[in-house]
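Engineer: Next come the chains, spelled out residue by residue.
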Amino acid sequence: MGTPHIAATIEEVAKQVILVEEASVVDDFADRYLTDPVVINEIRGMRGITGRYSNQELSVFSIGIGIPSAAIYVNELLEEYDIQKLIFITSCRPLTDDTTNGTVIVASGCCTDSHFMRHVFPGDFAPLADYELLSTTYSMLQQTGISPRVGLLLSSDTITINRNSWIEHGVLGVDMASAVIYTLAAKNSARAVSISVVTDERLKTIPDDIMSSAVEIITEHQ
Amino acid sequence: MELNANTIAKGVLLPGDPKRAQYIAVNYLKQTEEFRLDNGITGYSGIYDGRRISVAGSGMGIPSVMLAADALYDCDDVNAIIRIGTCGTAQSEVNIGDMLIALGCSTTSGINYRTFEGDLFCPVADFEMLQVATDKAVAMNIGFKVGNILSCDLFYDLTESEANNRWWDFGVLGVEMEGAGLYTTALKHQKKALMICTVSDSIINRQGMTPKQRETSLHDMIILGLNSIYEFCD
Chain A
700 MGTPHIAATI EEVAKQVILV EEASVVDDFA DRYLTDPVVI NEIRGMRGIT GRYSNQELSV
760 FSIGIGIPSA AIYVNELLEE YDIQKLIFIT SCRPLTDDTT NGTVIVASGC CTDSHFMRHV
820 FPGDFAPLAD YELLSTTYSM LQQTGISPRV GLLLSSDTIT INRNSWIEHG VLGVDMASAV
880 IYTLAAKNSA RAVSISVVTD ERLKTIPDDI MSSAVEIITE HQ
Chain B
9 MELNANTIAK GVLLPGDPKR AQYIAVNYLK QTEEFRLDNG ITGYSGIYDG RRISVAGSGM
69 GIPSVMLAAD ALYDCDDVNA IIRIGTCGTA QSEVNIGDML IALGCSTTSG INYRTFEGDL
129 FCPVADFEML QVATDKAVAM NIGFKVGNIL SCDLFYDLTE SEANNRWWDF GVLGVEMEGA
189 GLYTTALKHQ KKALMICTVS DSIINRQGMT PKQRETSLHD MIILGLNSIY EFCD
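If you're matching them up, the sequences are chains A and B in order.
The numbers in this note's numbering rise by one with no breaks, and the one at position 136 of the first sequence is 835.
The numbers in this note's numbering rise by one with no breaks, and the one at position 130 of the second sequence is 138.
Chain B extracted, bound-state conformation:
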C-alpha cells in the first residue's frame, strides 16, 4: 500500500464520486495531501476543525464500494467510514431533499449469499456512529429519517415486476447502490460505518432536484458527515 506516513486519518468520508471527494477536500479541508491505495483508489487527507480527516471516492455499486472499504479498513489506523450520497425513493412520505440515515440495508445483491450459504445477513450501521450523527443533525437543526435503505445492483432495471415494489410496502425509505456493501465490509472488519443519503429523485413523481436544492442539501450532508466523522478522528 502506497501511503506516506500519517497520510490516512482514522475516519474517512466516502462519497461515490471521486470528484465529489476532491470537491470536499478543496472546499472543506485545510492542508490537504493526496494518498493512493494499491487498488488505485485515491483520496485526500486534511484538517477539519483541528482534526485529521480523510475523504475518498468509492465508485458506483456494491462491488466498487466493498473494494474501497476493504482497502481502507485494512489500514490499521482507519476505524470509521461515513458514506454520503444520493438516493431515490418510491416511498410516499419521503420527499426530494429529505436526509435519510440507514439503520440497515436491504439488498438485491448476492454478496452475502455465498458467505452465509443462502441465509439472510442483515447489514446494519454502527450504533455509536448512528447516535453521534443523529445528535449532530438535531443540533444542526437538520431534519432526517432513520430506517431501511435498499442497496440495489441495477440503476436501470431489467424488469417492471411487482416484486420489485414490495420493498416500499415494508417501509424501505430509499434506494441507492452501495450501503449494504459498506455495512457488510465494516462488520467483517469489526470496524465502524454509517451511511447518510439525500433524496435526489422520486420514482413515483418522476421528479428530480433543482440545482439549488442539490447545492443546499449536498452542503448540509457534507457538513453533517464531517461533523460526525470528526468524533471518530481523535
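Chain A with its partners taken away, still in its complex shape:
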C-alpha cells in the first residue's frame, strides 16, 4: 500500500487527477473548491487531497518543482495508481513580448534543456500533449472566455534562460516540468495536458476560470 512518495491507497486516489507544483496551492485549492476534502498524502511536506468538486471526485497532488521531482510523482501515479488522465496547472515565465502576465498557454509540445532522456533515445523524442485532451482543453478554456495560446513550452532545469533560439523558434513560455509529464504519459498510454499561466512569480492560486475549465476537461469522457 502506497509508494515511496505517496502514502495513499489505490482507492483513496480519484481517477481524475490535477497536478500542481506546490503543497500550498493544493491546500488553497481544497479550501476554495473541494467538499469533503481528505488529505491522502503528506510525505515530505507534499500534499495530496481527494474531495468532490461539482459532484465529481477529484484528487489534487503537489509534485514539487522541476523535472526530477515531477518525474517521481508522475511515475508513481501512472504506474502504481493507474491514472489514465491528468492535467498539470502551473505558472510559466514569458519568452516573447506578447505573452503578458495572465496569458494562458496550453502546451501542444515541450522543449527541454533537461537531459532526462538523453540516454533513452538515439535522438530527440517529442514530448507532446494527448491530442484529444489538448482539443478539449482548448475548447473548454475558450468557452469560459479565456483565449489560450497553443504552442511550445520550454521545460527548463533553471530559472533563467539565456538563449534566443527558443524565442526565434516560437517557444511561448518557460515552465519546469511539462516535458517529463508528457513523456511519461506517452510511455504509459495515458493522457496529459499542461495549462500554464504566465506570471512573474510562482503560481499561488489557480484562477477560477481555469479551475472550472480544468474540472470540466478532466471529467469529460470518463
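There may be inaccurate statements among the hints.
[Claimed, not checked] Straight-line C-alpha distance at most 20 Å; calculated SDA-like pairs for lysine to any residue:
#1 B:K199 / A:S864
#2 A:K714 / A:N774
#3 B:K153 / B:S100
#4 B:K196 / A:S864
#5 B:K196 / A:G869
#6 A:K886 / B:N172
#7 B:K153 / A:S834
Rather than coming from a laboratory, the hints here were simulated on the basis of the structure.
Following the hints, put chain B in place on chain A, whose structure we already have.
Structural biologist: Coordinates of chain B only, in the frame set by chain A:
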C-alpha cells in the same frame, strides 16, 4: 528567385516526390502554371475550388525538405505548407492504410542539436492547421489518428539496436523522413505547417500496401490536403 508575378499561392501542398506534385497538378488543379525557385525546386500553381493553390515536391529526407520549405516560406506570400506522404509503422494498433496526422515529430536528426546547443527542441504542428485538417477529415468521414511521428535519417538502418525500438514504447505512431524538418522550419519562419501521412508499410508485419490500397488512400490524402490548405489560401 525566378517567379512570375502571382505565381505562388499562400498555401502549398508538399509531397516528397516531385512526380507526385505533378500528378496532383494535372489531376486536381485547373489552369496550372509552373514556377521555379532559385534552388531548382519546381512546382505548380493552379485553381482548386476557386482558390489558388501551389504544389511542389520536397525531395527525400530532412535536409531536402528544409531547403524546400525555407525557399517557399521565404516567399512573402507563402504562409502555410501541408506535407502529404507515406510512412511506415511498428506500432501495434496502427494498420496499413491508416491516416496519421503529426501533432509533433520526434527525430534522430541532428538539425536542432547545434541550434539549441544540445538541448531538446520539439517540432510541433501549427494548431490552427491541425484543427482545420481534423475537422475536414471528420466531415469527409476519413478515419485518422493524431500523434507523434518519428522523422529519421536512415531509410536503411545501419544497426538493429534495441534503442531504435524504444520510440514505439512511447506511443510513436509512424516513421518517415521529413516531418521534423518541415515543422522546425515553419516555427523558425513563424509560419504554418502540418504533416499528413498514410501508412504504407508495417515493419512488424513486413507487409506493404496493395496497388488498390495505394490508389485509394493516396486519393483520400490528396483531397484532405487540398481541402485543408484551401482554408489558408484566401
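Engineer: Quickly compare the C-alpha distance for A:K886 and B:N172 to 20 Å and report which way the hint goes.
Structural biologist: OK: A:K886 and B:N172 at ~15 Å, within 20 Å.
Engineer: Holds or violated: are the alpha carbons of B:K196 and A:S864 at most 20 Å from each other?
Structural biologist: Distance of about 9 Å is within 20 Å: holds.
Engineer: Is the Cα-Cα distance between B:K153 and A:S834 20 Å or less?
Structural biologist: Satisfied, since the Cα-Cα distance of roughly 13 Å is no more than 20 Å.
Engineer: Would the hint linking A:K714 and A:N774 be met if the CA-CA limit is 20 Å?
Structural biologist: holds (15 Å)
Engineer: Quickly compare the C-alpha distance for B:K153 and B:S100 to 20 Å and report which way the hint goes.
Structural biologist: Given that 20 Å is the threshold and the Cα spacing comes to 13 Å, the pair holds.
Engineer: Decide if the proposed pair is consistent with the structure: B:K199 and A:S864, CA atoms, cutoff 20 Å inclusive.
Structural biologist: At roughly 16 Å apart (the allowed maximum being 20 Å), A:S864 and B:K199 satisfy the hint.
Engineer: Within a Cα-Cα threshold of 20 Å, do B:K196 and A:G869 meet the stated pairing?
Structural biologist: holds (7 Å)
When the structure is compared with the earlier hints, no violation turns up for any of them.
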